[in-house]
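Given two chains presented individually in distinct reference frames, assemble the corresponding complex, making use of the accompanying hints.
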Amino acid sequence: MNILGISAFYHDSAAALYIDGKLLSAIEEERFSRLKHDNAFPFQAIQFCLNSVNLTIDDIDAIAYYEKPLRKLERLLETFVVTYPFALRPFLQAIPDWLGQKISVEEIIRKKVGFSKKIYYVPHHVSHAAAAFYSSSFNTAAILTVDGVGEYQTTALWKGEKDKLTLLKSISFPHSIGLLYSTFTAYLGFKVNEDEYKIMGLSAYGLPEYIQQVYRLMDMKSDGSFSLNMKYFSYRESFRMFSDAFIALFGPPRKPGEKVEKRHRDIAASIQVVVEELLFAMLNHLYTQTKSRNLCMGGGVALNALANGKIYTKTPFKNVHILGAAGDSGAAIGAALYVQRQLRGSSPVQQITSLYLGSSYSNESVESLLSCYPELTYKKYDSEIDLLRATAAKLAKGKTVGWFWGRTEYGPRALGARSILSRPSPRAMKDTMNKIKRREEFRPFAGSILQDHVHRYFYTPENKYYSPFMNVCLIVRENKRKELAAIVHEDNTCRIQTVNEDNGRYYRLIKEFYRQTGNPCVLNTSFNVMGEPIVEHPKHAIEDFLCSKMDALVINDVLINK
Amino acid sequence: MIAFFRRLNALFISAVLFFVYFLVIGLARLIYVLSERKNGKPDSYWQLARGKQKTVELSTPY
Ligand SMILES: [Fe+2]
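Line by line, the protein sequences give chains H and E.
Take the first sequence: its position 178, counting from 1, is numbered 178 in our numbering, and each next residue is one higher.
Here our numbering runs 1000 ahead of the position in the second sequence, where the first position is 1.
This is chain E alone, in the form it adopts within the complex (with noise of 0.2 Å):
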């Protein structure tokens, strides 16, 4: 029994997660494509750090 409600839970938390997937990850993706800008080839793939590194937030997870 308990074993056929995860199964069910499990399934119920797909089904929210598809949805999720293709509203909003699909809108995020939709403003993603507008805003996205196209560069030509850089004469370096290294991103500077300019500074960020003084800025480091140690106490919280993000």
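Extracted from the complex, chain H is given alone in its bound form (with noise of 0.2 Å):
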């Protein structure tokens, strides 16, 4: 059975496409489109995803839609009578928006793109959950949903047992903690819905000061549930986020582009701490309802990787499988696997284990195109092995290598597929790559260490942690911190990838920079430069590597220099 899972009309649309049970293939429509966050419908990335294996629309089964739009219109229409007469502009706005588009999935689909079969609805945060639960190796498992919002949802606690998942308890729109730590992300004059994980940065350079103000914005319980006072929100009647008394209690809001003061980094630093209580209130909520130490968790706010890194300590949790589209994106995933649940029956175990799903070029393609830079000087490699210690003797003598490898990663995440490289020491090295990103200084860069060494460097859970999806931060050990120097945040965590057999020749090219260095973690940022989607065509690549102070470029099987 083929189904093609979707997400569309709110930010990271995508598709994902199983064929008889298994992921193929998924990439967001961004990649193609060009637009960070693209939320249009998603054509280029459904050709894709059938293009990859070879079929057409009439090879699909069942079309796995990631929300229930009519319900997601129903609650607009409601949020409107409750916030009535003061939302009159975006009703104008809102309106149109949604009759023009929104609403008539199913018209696309059928016309656009020319499906014909069976299209199913899944509840947005069933496909958060599916996506989370489904795709992790446990049989069973406690599961926390939380996002800005679904149709109504924001925040659900669910089981999951074998191929079932049963709801235990949500909270509605407009109590949200993804939409709470937007409006921190918009007060602080960062972009919703793109910079939150800004606000996670900085939020190490702060002092949580301003903890009792944010907790006057919320009423919670000890069970972890919660209820925003809207006094203090604007962002069911407006187009902003916070209100004046929100102001009132904060004093101005922040400019984009303005100096980030002290007073920015500790509303940073308090909002993060309020949100990581919330959690874990609502996680040692979930464990009393399932007793079962295994955690899946799914929606944006999973992709808080600072409080993902706390989850074993601060909760009875033991094992924690996040997957690296939490999203919106993901939801395609989810929304697909669901419908292949309900329409198979039982389902074996389907672990996610590579986010390598999107697109790959040939190096031919690369060759042809390199013959149009003739500035550039490069070299094929017929083996890989001396492909990846020339490579590797590069990062080793301090250079930063822009790494283009098979195919490009689903999710938010450069996983070592479309990555920008370095060794992770001396400090400098972050001054030197953020030139390149061209980005916030206070922001930190992640890293990717060999599985079998993580525990040697970073307090982990258990030796050879797995965690490979990069979304979790952990605390670097004292005597490691020099030798992860550019690494290592302000608080002392690092975003870390491990990385095994799974992810390929980036697996081998870490490990031949260990042999030739000792260390076995490399600097990885996505490559992409500040306000672009990570790079999808070689020619992207090449762009960004001409334009900036990158060294080298790696793709396939060819090194490029300047």
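What the hints contain is simulated information worked out from the structure, not anything from laboratory work.
Take the hints with a grain of salt, since some may be wrong.
In silico DSS-like cross-links for lysine-lysine, where the CA-CA straight-line distance does not exceed 25 Å [unchecked claim]: (1) K221(H) - K1041(E); (2) K231(H) - K1041(E); (3) K231(H) - K1038(E); (4) K22(H) - K159(H); (5) K310(H) - K221(H); (6) K1038(E) - K221(H).
Residues of chain H placed beyond 12 Å of chain E at every Cβ, according to the derived structure [said to hold, decoys possible]: (7) N294; (8) T313; (9) P316; (10) L376; (11) Y378; (12) E462; (13) P468; (14) D491; (15) Y507; (16) R508; (17) K549.
Here are a few chain H residues that face chain E, going by a calculated C-beta distance under 10 Å [what the hints assert, rightly or not]: (18) P85; (19) T166; (20) L167; (21) S170; (22) K221.
Ideal Cβ placement from N, Cα and C applies to all residues, glycine included.
This is the structure we're talking about:
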């Protein structure tokens, strides 16, 4: 059975294709449209998924859509009733938008995609829960889904047993941890639904001196449930996330581009602490409801790597699984997995261990492209080990290397297929990389480490700790902080990806780097420059290479120098 | 010319929506206010699932 999962019209539109129970292709629309977090209907992503396995839309048995659009519209209309008469402008903007495209998902799929068979609409948090649980190795697990908002739900507790997902409890719009965090993102002068991780990075530089004020925004219970005091928020009735009462409580908002001051850092630290406290209270409550030591998390808030790293010490959970694409792009996978379970009944565990599911380009196409760039010199290696030796030697010498290999990653993190790499020390490597990426100084860099060595460098819950999707921050051991100086953040944590054989050539590269330097870790940042999606075509990689201070670029078997 | 008609069309839609907002949404608001029950602070804000998960209907967008 062939099932196509789709997410669209909120952010991170994407398509994912399951063929006979196997996830064969998945990609976000932004990679093709070049619009970061593109929310347009993912025509190009769908076409890519089909082309990648030489199928046409007629070969697809079912389409799984990641939410119920009419229930979402119902929530929107209810919100207009509740906020009447203060939301005229959002009403005038949102309704034509909905009547134009968002409401006619079926029509788009029928007429523009040309699909004539069954379409299934999976509730949004069911999609998140299915993506979180069915992609794990667990037979039973507690599941927390938490995001901005789906149809109504913003937070839900679940129990997963084999093929069954059971909803236990939920919290609905407008009470939302995702929107709470986004409100602070907007208040601190960053982009909503895009820059939340900047707040997470900034939080390490501040002191949580505004915790009391943050708690005044809500009523929180010991079981982790909460209700936001909507007098401080205006995301229901205006285009601004926070209200005048919020400004009276925290002071004037920071405008984009303004200097980041101590007050901003302290506010970032405070919201991070409160969100962590909320999450841990919820998770402790979830444990009492499920008594399972396995935890799966889904939804955009599950990308908060700083909180994720503390789950092991702040809750009873021993095994944690968070899919790399925990946000809405991953909901396309979840919707497809859920429909598959419903149509086929029982399915064996289909743990997702690798997210290299996107596009790839041949050496021939790269070489023919390079003929258009006479200023570049390159060498194509016939032997992989020679290429890895040469690349690792450059990294060892402190060079920065663009690394474009195989199929691109699904989800927001570069996992060693479209990455810019360097050695993880000295500290100055961070400045060099910041110049290449043209991004804010306060933002930390992540690392990729051989799984066999992770416990020697980090405080891990177990030896050879497995965390392949770079969505957990761990504390770096004191005696290793110098060795990882460029990726140790202000709070001594680092967002880390453990790498093993599942990572193919990337694993072999780090192994070679380890052989040459004795260091099993590299700095890994996504291959893009500020404001752009991760590179898709080799020509994007070459252009970024040319207009930055990157020292070398590897595309498949070709090593390019300036 | 096309741009002019497009703008006219958008203006017309806005005018219709303006009336819909103040009349239909306004009426719904009135009903909402009249039927609103004042609850005290609950012990928990979790909404219990009460078996509604069993009835997930996948074939409709609602
Ligand atoms: Fe979501």
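Subject >> Separation of K549(H) from chain E, once the least beta-carbon distance is taken, above 12 Å >> reply: Its Cβ never comes within 12 Å of chain E, the nearest being 45 Å, so this holds.
**OP:** Sort out whether K1038(E) lies within 25 Å of K231(H), counting only the CA atoms.
**Re:** holds, 17 Å
Original post:
Against chain E, with CB atoms and a cut of 10 Å, does the hint on P85(H) hold up?
Top reply: With a minimum Cβ separation of about 7 Å from chain E (threshold 10 Å), the hint on P85(H) holds.
Original post:
Going by Cβ atoms only, is L167(H) closer than 10 Å to chain E?
Top reply: holds, 4 Å
Subject >> Assertion that Y507(H) lies farther than 12 Å from chain E (Cβ) >> reply: holds, 39 Å
Subject >> Distal placement of E462(H) relative to chain E, Cβ over 12 Å >> reply: holds, 32 Å
Original post:
Measuring from the C-beta of S170(H) to each C-beta in chain E, is the shortest one below 10 Å?
Top reply: At 5 Å from the nearest chain E Cβ, S170(H) passes the 10 Å test, so the hint holds.
Subject >> Given as non-interface: T313(H), partner chain E, CB spacing beyond 12 Å >> reply: T313(H) clear of chain E: closest Cβ-Cβ about 25 Å, beyond 12 Å.
**OP:** Measure nothing beyond the straight line between the CA atoms of K231(H) and K1041(E); if it is 25 Å or shorter, mark the hint as holding.
**Re:** Measuring from Cα to Cα gives roughly 17 Å; hence the hint holds.
**OP:** Beyond 12 Å from every chain E Cβ: check whether that's true for Y378(H).
**Re:** holds, 49 Å
Original post:
Within a Cα-Cα threshold of 25 Å, do K310(H) and K221(H) meet the stated pairing?
Top reply: holds, 21 Å
Original post:
Does the structure keep K1038(E) and K221(H) at a Cα separation of 25 Å or less?
Top reply: holds, 20 Å
In terms of the numbered hints stated before, the structure departs from none.
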